[in-house]
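Go ahead and model the full structure; you've got the sequences and the hints to work with.
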Amino acid sequence: MMSGRKLWWSVLVVVTVFYAIPMVAMTRFAFQRVPVIKLSWSNVFDKWTVAPIGETFADPNFRSSALLSIGLSVATAVLTVLLLVPTMALAHLRSPRVRRWIEVSAVLPFVVPAIALVVGFAGAFRGTAPLFIRNPYGMVPLLVITALPFTHRTIENGLSSIDLRTLVDASRSLGAGWNRTIWTVVAPNIRGSIATATFLAITVVLGEFTIASLLLKNTLPLYLAYAQGQNPQGAFAVGLVLTAISASLIGITNGIGRRSRR
Amino acid sequence: MAGLSKRQARPLVFLPYFAFLAVFLVWPALYVFRSAFERSGAPRSPMIEAVTGQYRGSFVYSLQLSFASAAIGVLVGSLVAIAVVQLDSIRGVRSALVGYSSVAANMGGIPLAFAFLAAFGMQGLATRLLREINVDLVGWGFKITDFWGIVLVYLYFQIPLMTLILVPALDGLRRTWHEAAQSLGASAPQYWRLVAFPILLPALLGGFLLLVSNSFAAYATAFALSSGSSRLVPVQIRFFLQGETITGKTNLGYAMAAWMVLITALLVVGFQALVRRSERWRR
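Residue numbers (this note's numbering), protein chains in the order written: chain R, 1 to 262; chain D, 1001 to 1283.
Read the hints as simulated data drawn from the structure, not as lab findings. Values in this document were obtained by computation on a predicted structure and should not be read as measured data. Every clue listed holds true.
Covered stretches of chain D, going by a simulated chain R footprint (3 or more residues, C-beta under 8 Å): (1) 1029-1037; (2) 1081-1094; (3) 1123-1134; (4) 1252-1263.
The following label-pair restraints were derived from C-beta to C-beta distances: (5) VAL50(R) x TRP1177(D): 50 to 58 Å; (6) PHE57(R) x TRP1177(D): 55 to 63 Å; (7) VAL78(R) x GLU1279(D): 32 to 40 Å; (8) ARG1280(D) x GLU103(R): 15 to 23 Å; (9) ARG1091(D) x SER40(R): 31 to 39 Å; (10) LEU7(R) x GLU1279(D): 24 to 32 Å; (11) LEU1030(D) x SER40(R): 55 to 63 Å; (12) LEU1063(D) x GLY257(R): 31 to 39 Å; (13) TRP1177(D) x ARG258(R): 26 to 34 Å; (14) THR166(R) x VAL1269(D): 36 to 44 Å; (15) LYS1143(D) x VAL17(R): 20 to 28 Å; (16) VAL17(R) x TRP1177(D): 30 to 38 Å; (17) LEU1087(D) x TRP41(R): 27 to 35 Å; (18) HIS1178(D) x VAL74(R): 45 to 53 Å.
Don't be surprised by glycine CBs; every beta carbon is placed ideally from N, CA and C.
Have a look at this one:
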């Protein structure tokens, strides 16, 4: 049925064009020294430059927000792994019921949108533990929660794919304690899942806007929103780099997932 | 089997995780609801005020936006998924489309708003190229910051998300069902209408609910497009509760947040139920 195939091809062509246009436009706007109003077919190859990135780097506000975002990514990833790996490994071994509870609880962040979470957090902690609101790293727990549905799933897949009980019994019978068993036996065996969870946590932190915006913390996305008015070309260039980083992190996690499924 | 790992379970080891959730997820959520029901002298409960009068418009607007982008997202995303499965014999089609979908479904926030401003803004590249072929978006009153503009932006993550949901469901359609239908004399349209569609229905409806909640909670993109002046519910909540400023209407902000949680919860529960139903066929 040739006409059917043609129809499906045209669907794919249209959607590919739709996916490509904003990215192409953003790339040209960010990296061509041509006034936006003059961008056209005729100057596709003219005046490409990476200078906008350099100009943005020269801005101390950018550097501090980039450092904060990197710090938050690392902190969120570390806290996620510390919190999830031991708890979930033990639940796998000892209590299917707790495992089920963890599974249900990991979907809860979908139920509470980020905007509701952050206003509740601010209200609840302002009177009791204002440090969490004042210190930029006080938002790390909220970021861990935001990433939880994704990170939980990957750790869960990792733990289900190995013979956890045999590994743990072997390690314990050789005299290793719990901590040692978790971090030197179980963790290395699910390193693909831990890497995936880490990348997903980083992706969430690099893109997160709502929480940082309500708590007035100058992370990269907030800097971008602010710089849009000051230096649009630089802001678009950094936004594009950020998108590329997130895309490659997700690409890598897909690769890890495929390899471990084989 | 009395393995060493099978020793008496100590519930204490699970405490850190659940305590963490209690403090950083449950407590904030409860705080939202407690404040949402605090009347503090006002004639009506904030929960009522948030969905009546001038504030009702925000919810209507947000929900209309979510339903519009979800409906188009389901339609186009499903077509893409079918196309991917139909053209599976051609190498690279599936991995390219599914791979990019997983990237695009996670896009959003400020960079996505930038990309669409560069393409479909007043002087955007696509806006001007389309004008050259006599498609005058600006002349038609299209603005990237308006309702249909935001819908267009949201489609960038809604379409790929739907593709990602439907491709596995389509893979689950067994070849034998198609052959059985054919050998019983069903035509291709009959097979799709009477066999495939009913099996796919839970996945389609579940996908729709997920897409609705996905765009209902979205905030950053609309905020960046409208420079913070949107009617969307999250932007309104921000207005009432931002930082330390006292607007005198803080409880109204909490009430709007509480309604958001209720609506999202309903959507998520519906989605989970439908997913379980659609997976029944894949066992």
